[in-house]
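Each of the two chains sits in its own frame; use the hints to bring them together as a complex.
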Amino acid sequence: MPAMGEGKATSVGEPDPSRTAGRILWATVQGLAMVGDWVSLRARPGPGVSYSAMTELLARIAQRTDPAAFHELYQSYGPRVKVYLVRRGVDAATAEDLAQETLLTVWRRAALFSSEKGSASTWIFTIARNLWIDRLRKEVPWQELPAAHAAQTSPEPLPDEVVAEGEVQLRVRAALAELPAEQQRVIELAYLEGLSHGEIAARLGLPLGTVKSRVRIAYQRMRAAVEDLK
Amino acid sequence: MTITHHLGTETLMSFAAGTLPSALSAVAAAHIVMCRHCRDELVWCERIGAALLDGLPPMPLDDAAPAVPALPQIEPQNPARLGGNAFNPILRLARTDFADVAWRRIGIGLWHRPLPLQGQGALQLIKAAPGAAVPEHSHGGGELTLILRGAMSDATGRYVAGDVADLDAEIEHTPVADLGAGCVCAIANEVPTRFRGLLARLLQPWHGL
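Sequence lines, in order, name chains H and Z. Taking this note's numbering, the leading residue of the first sequence gets 1, the next gets one more, and so forth. Taking this note's numbering, the leading residue of the second sequence gets 231, the next gets one more, and so forth.
Quick caveat, the hints were computed from the structure, so don't treat them as lab data. These numbers were taken from a predicted model, which means no experiment stands behind them. Note that beta-carbon positions come from the ideal geometry of N, C-alpha and C, so glycine has one too. Among the hints, a few may not be true.
Footprint (simulated), chain Z over chain H, 3 or more residues, beta carbon under 8 Å [unchecked claim]:
1. 81-90
2. 99-107
3. 166-180
Chain Z on its own, in the form it takes in the complex (with noise of 0.2 Å):
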């Protein structure tokens, strides 16, 4: 897997200082895992929040210091935990077959699935058959698409399994499913997307988009 695309500045620094809206903190956290590139550059925007809270004044603290446990052997974590799947559903459906996941049908070609979430933003699962497009949308916030299967392409590129495409609001898209395999991909959007077109507008209650 050779990941080409990824995390905007931005977001890695957003993602960095904890105000990422969950929806796409998910969808970032998913990515960041798979990438190494991505877990370097998150490294570096962690230093300028280490920086800051090295520079912060000194709050006294009312309590000493707690009594540590005595630990007779320091466990690493649970590998299982590594990963960061227990965490992250949408890594823990990509390592399914997506067979168990009851999809919805919202157009041509083309399935969803909500995916919980607390916080702020949208997150779901959409499924397109080879071929298939996602009507041409715009985003009023931001918006991160990962490709957990397949690959799909639009104006801005082909994107494979584990590329994040990390658009903000100005971009217009009109994403396509390859025609090999067909695309499972994960979106989060900071607020409700916005389709363009009739058919769209027919689609969007289905949608929750």
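Bound-form chain H, shown alone (with noise of 0.2 Å):
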């Protein structure tokens, strides 16, 4: 399983910006990739993904179906999307069942993703909760809501999209990372635990509107964060 398992970032080596150029320098990128993993572990410490590596493997997935790479993938993922069900208060067994679920969706759908949807991470958090709304709310997933063009296969992201998308998940990390701890509990319980903005207010003894900023902030840190990227 290569380039998995540590946090990395695909930050130095600036890639030519130019799109032309781009598909050119596929394979350079990849390789300053590699060497950006390697050089910004000062960045990111701790447990992660590298994001070049799983844009890459769900290119392989879009372009060749590659059983291969849906492994690796499974590998990185599966346990992640698991742990976060649990989190959301699903039993192990129906979190694994559902983990596995999330990954085949993603193996017949890999040719629509785009870097529109943010990283590979992005894609997958997004399907995970939308099968956690469906079949645990039991709800109808109002949430399934790829872009209007989404029907235009682009399996290849440009190499400047990939590296880009892999700096900006970092710094979203990095600013959650950042935030004051009752601002991370609350993002947290939002997210992993799954509890409305009341539910927290009501959790936390606080305010509703005291919740409400908290989420605020948070948002406009990561956006900051990024603000000289995109």
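Rendered as structure tokens:
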């Protein structure tokens, strides 16, 4: 399992911003990304995933329906999706079933992935979240929201997009890690435990307005952290 | 269609986390498929979920990876599905001329139609004749109003088709339909709406608001 299990970035080796040169530079950037993974360990210690590697796996699945690539993606994300669902109150066996289903959905729809949906992690997060809403809240999956142009298959993102999205995702993580503990708590209760803002207010004994302002601040910190990128 | 009124950050964050009450979620989804700005904003909010997912300590899987079904060709989703309308009764209705909606009159120049909903909150369509006002009301929880046809105005501005009014519990307002075409909108409430005034209280049993 190459390039997994460590927090890595693709932040060095500024790619040619020109999109026309992009495809030619693909292989080069892949190499630079690996160097970047190594160099930027300083920036993002701790467990995580390599965004460039994950996006490449998605591209391999999309282009060649590559079972080996699926297996790698599954090994990386399956355990995380499972624990995400367990945090939401799903029993371990069901969580594992839904984790499998999440990744099988990725397999079936890999050709629909586009960088507009964020990183591979972002896309997988939304699939897992929607499955949870659909199966466990037994609600119509309102949130099935592919972009209007998603029917156009674009399995191979341009290298500069891959690098930029990996960097974005790392900065988002870093911004969240730097939030004061009480703000992190609010974000985790919402995203991981699946509590509404009202439920968070009740759980923490806070006014609803305070919960909402913490949510807003977390969002603003994240956007500020990536302002120079996009 | 130029959309100038968008979903608030807190609403998008809840939507991204998957915790927005389902009535609000339905209206938010109907706006998002029409609104590039909110689609992009939603992806930002979803990146937070992705960052948290990536940071979770992996939990060992009991089973090996499932065998993947052979796919001779990955099929793009049915385009009819891509608009989300297969899942979204509001959008489905928005693409009709509302002729087949069984409206119920609830006041002078005012009709409504509750939409069936699983989960939390109340969802309904409101049709207002030109110049008609929805009685002044405030909400105990969040309210989302999506304009589907025509336009309306209240103290916070003028709303045209595609615009969404994302109001929280503190706001009281009296939306008025435009004089030209009137207005059809979808309204989602987290909790039942409180109307002020005698007329409104008389209307409330019929409203189901």
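Hints, verified against the model:
no.: 1; hint: 81-90; verdict: holds (count 6)
no.: 2; hint: 99-107; verdict: holds (count 5)
no.: 3; hint: 166-180; verdict: holds (count 5)
The structure agrees with every numbered hint stated previously.
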